Amino acid sequence: MIPFVPLAPIVIALLVAASPIAAEEPEGRGLAVFAGKVITCAGDPIVDGTVLVRDGKIEAVGPRSEIEVPEGYEVIDCGDKFVMPGLVEVHCHIGGSGDLNEMVYQTNPDLRTLDQVIPHNEALKVGIAGGVTTVCYIPGSGTNMGGFGAILKAGPGSLEEVLVRFPGVLKIAQWGNPERRDGTLGSGRMGMNWIIRDQLEEGRQYVQAWDEYDAGRRAEPPEIDLRLENFKPLFRREIPVLVHTQGYQGIQATLEMLHDSMELKVVIGHGTFEGYLISEEIQKREIPVMAGPRGFRFDPDDGQIHGIVAEYSQRGIRFLGVNTDSPVIPQEDLAYQAAMAVRYGWNEEDAIRGITIEPAKALMIDDRVGSIEPGKDADLVICTGSILDPRNYVTQVMIEGRVIYDITKDRRRY
Amino acid sequence: MVTMQRIEVVRCGLALALVMALLPVMGASAQEQLAIKGGRIVPIVGEPIDDGVILIRDGTIQQIGTDLDIPIEARVIDATGMVILPGFVEPHSPEPLVQPNEVNPNVPFVTVVDAVDPNAIYFEEARRNGVTSVHAIPGNSTMFGGKSAVVKTSGTFAEDMVLKRDAGLKLSLRPSGSTSRMSHLARLRRELDETKRYMASLDEKAGKTNDEVSDDAKADEEKDEPQAAQEEDEEKADEEKADESSSDDTAPDAQREAMVRLLKGELPAFLYCEQAMDVPHALKLIDDYGLNATLILGRDCHKAVGLLAGRDDPVILDPELVFWETDPRTDEDEQIILPRLYREVGVPITFQTSGSSLSSATTLGPSLLWYQAATAVKYGMPVEEALEALTLRPARLIGVDSFVGSIEPGKDADLVIFSGEPLKLGTWVETTIIDGKIVYRREDDSRMRALLQPNENSSEKP
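Going down the list, the protein sequences come from chains A and B. For the first sequence, this note's numbering assigns the number 1 to the initial residue and increments by one for each residue that follows. For the second sequence, this note's numbering assigns the number 415 to the initial residue and increments by one for each residue that follows.
Hints may contain errors.
Said to hold, decoys possible - What follows is a set of in silico ranges between Cβ atoms, one per label pair, in the way DEER data are often shown: (1) 706(B) x 261(A): 28 to 34 Å; (2) 838(B) x 104(A): 56 to 62 Å; (3) 717(B) x 301(A): 55 to 61 Å.
Bear in mind the hints are in silico, worked out from the structure with no lab data behind them. This structure is a prediction, so every number in the text was calculated from the model and none was measured. Glycine residues also receive a C-beta, built at the ideal position from the N, C-alpha and C atoms.
Model the full assembly from the supplied sequences, consistent with the hints where possible.
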């Protein structure tokens, strides 16, 4: 079992030492990126900005006139291009071999996508060309509890090198796929929610027993149950549950059961159909909505097309992002998902945040990725302009200070 | 708190009102008080009151009468010329559920609260037609369909709408899937028998525990007994888990708890009979297992009406109240009038709006509830009884009559203001109030605006 520890120091050490590409950034030597505009996702964009990178981390960011480039730093001058943080995908199914639904049991808390990750695979490589540098690789929605997902960087390296966190999230599916039609329990809302609650209750009691033991309120340690071990960070609120939920009733049940009753960190993983009608209650609980892949809904009541993300936004939801559910929408089209949400009424600033810092916050990895701020991973995307304009394209991608994709050297992939 | 159970809220109501009285600052909000004056109050319990006043505080009816002082902070609804009734109670409906049945026919442990969709069009229609409480219950396609709940027809969260959780357990005598009546009934009895054996094993265990039997013996017993009893249980997968999570050996596990309560008479049975031939079986089941049961009767069941004569418990009729049947031998048509047939043998009746196999009933929606009462009146039911059959009678039937069903001090302020005589075609619901909150106003009903112009003769209209 991979322990739940930050792996960044190891990753950086290995990157600096081993990889041939890392030779571009010799030990101790930094990097300065000049750009026409730096979209930091942490405050206003900076016109004519500089980003300093050292040891795979962002060292400084600011206007070119104010940032002094230290001696010996390599300079990448992007001209009038835009620099932005690497995109973060909350809902990815292309991080490995793809067999993501174990259909025998209806809840599978012992399963982990970690066991079938293929780092930097072909689909992820194309994703990088679309600017995606971090993905949350999760089980499918074939069962009510598919297992635990892993959060990965899209770049090359061994599993340990690319791993951001495991357990990354728990995947729960409540509506629209996990229904069983074969006569076993769980063909509808009643059965499925019973199953989910029952499994979570078992997990909660297990974690509670351990917490009591750890706090010295219990003499004997509980028996170790590997099937339930990963519930520990979940019930300790160190990782969120990513919920395949949609529609009013589905989201209502998600809020009530998973947030109010089980007191988990919840991320709404689809939120589509008429789910936005319950925005007020989502907002009260400060729960992120990572909407998609469906972008719009035809409302039979008024005969109109409604942009799903825009509807959430208009109802006050700011903790808002999009997903591709790749390969449902190709991974490289994450920015397209945001662009289409803008076309259906979202605003561009929120849309940029909705593919960077908001999903990073939702996944609870915003201490490392999602914005260009000193101390964070140097995951940078260089684009010919705003990534939301479909006429623009990504020219260079950097993951933890390494240039992973460069259209002048690599073939342009997207 | 969002998830607080309704029933607790209701029970706390009176105590809360007391506290509020002692804390004038807290209770001063004008939102909390409502007065309805000037209309004709039909309280169901007792005589109608003309030009009456109803005082409401914190969602509860405080006082009714003619010469009541209206508190200065109360919001006042002038109902002059209108008729005020308690909110209607629908005693049986799967309409609030996203999906009425699980495919697995043996799921007594699931609850409808997990499937109630507060956004369902049913609820909007219910408010529009004066239905304020509904017994949300699984459909008729499952043998043991799950636990029902009485919910109010307005709210954001299913949990908050619950007036009574575990109001009953749905049993259906209609064969599920492709099974025959023989095997369906056989399995139904087998499940009940197994529950009895299971209960006996729990009792035995409890007895032995009291006698301080050694731990080893207990462990053995645990291993053997449930195993034997659950040989043919289909939900084996979760069985062990449920056993583990139960801290008390003598308490039923989560999957069997509903069945145990059913057989102890604590959880009422709502027993669906599709055809007349199911009725004697239903009655025998009730007798054999001592069930506390309500019958939900399909159209065809009128042929067994003789078996029901003399029973005091109300039944729930099929939505299709009047229809024609053709005698297969003589080809003669005969009109069947369900309310009349049941009333003739003295069986009290209540109405429902869905659950029929006929699409006509479901397409008409909750508006059918008052229409059915009107139909019953057409065929001889006194108006007073018809109104009771929409309110207090179903409330008693589903065990919520201490909260709803009549206009009495202490009950929930679930009220419907009608534009005129209820059950009349041209009468509309003007205002629907649930727990003292206005949840429907005809003048704000945008979806029905074209149809429901409230000021037809107003000169302001273009």
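Against the structure, the hints come out as follows:
Between residue 706(B) and residue 261(A), the C-beta spacing of about 30 Å keeps the proposed range 28 to 34 Å intact. With their beta carbons about 60 Å apart, residue 838(B) and residue 104(A) fall inside the hinted range of 56 to 62 Å. For the pair residue 717(B) and residue 301(A), the supplied restraint of 55 to 61 Å is violated, since their beta-carbon distance comes to about 43 Å.
The structure is inconsistent with hint 3 alone, although it conforms to all the rest.
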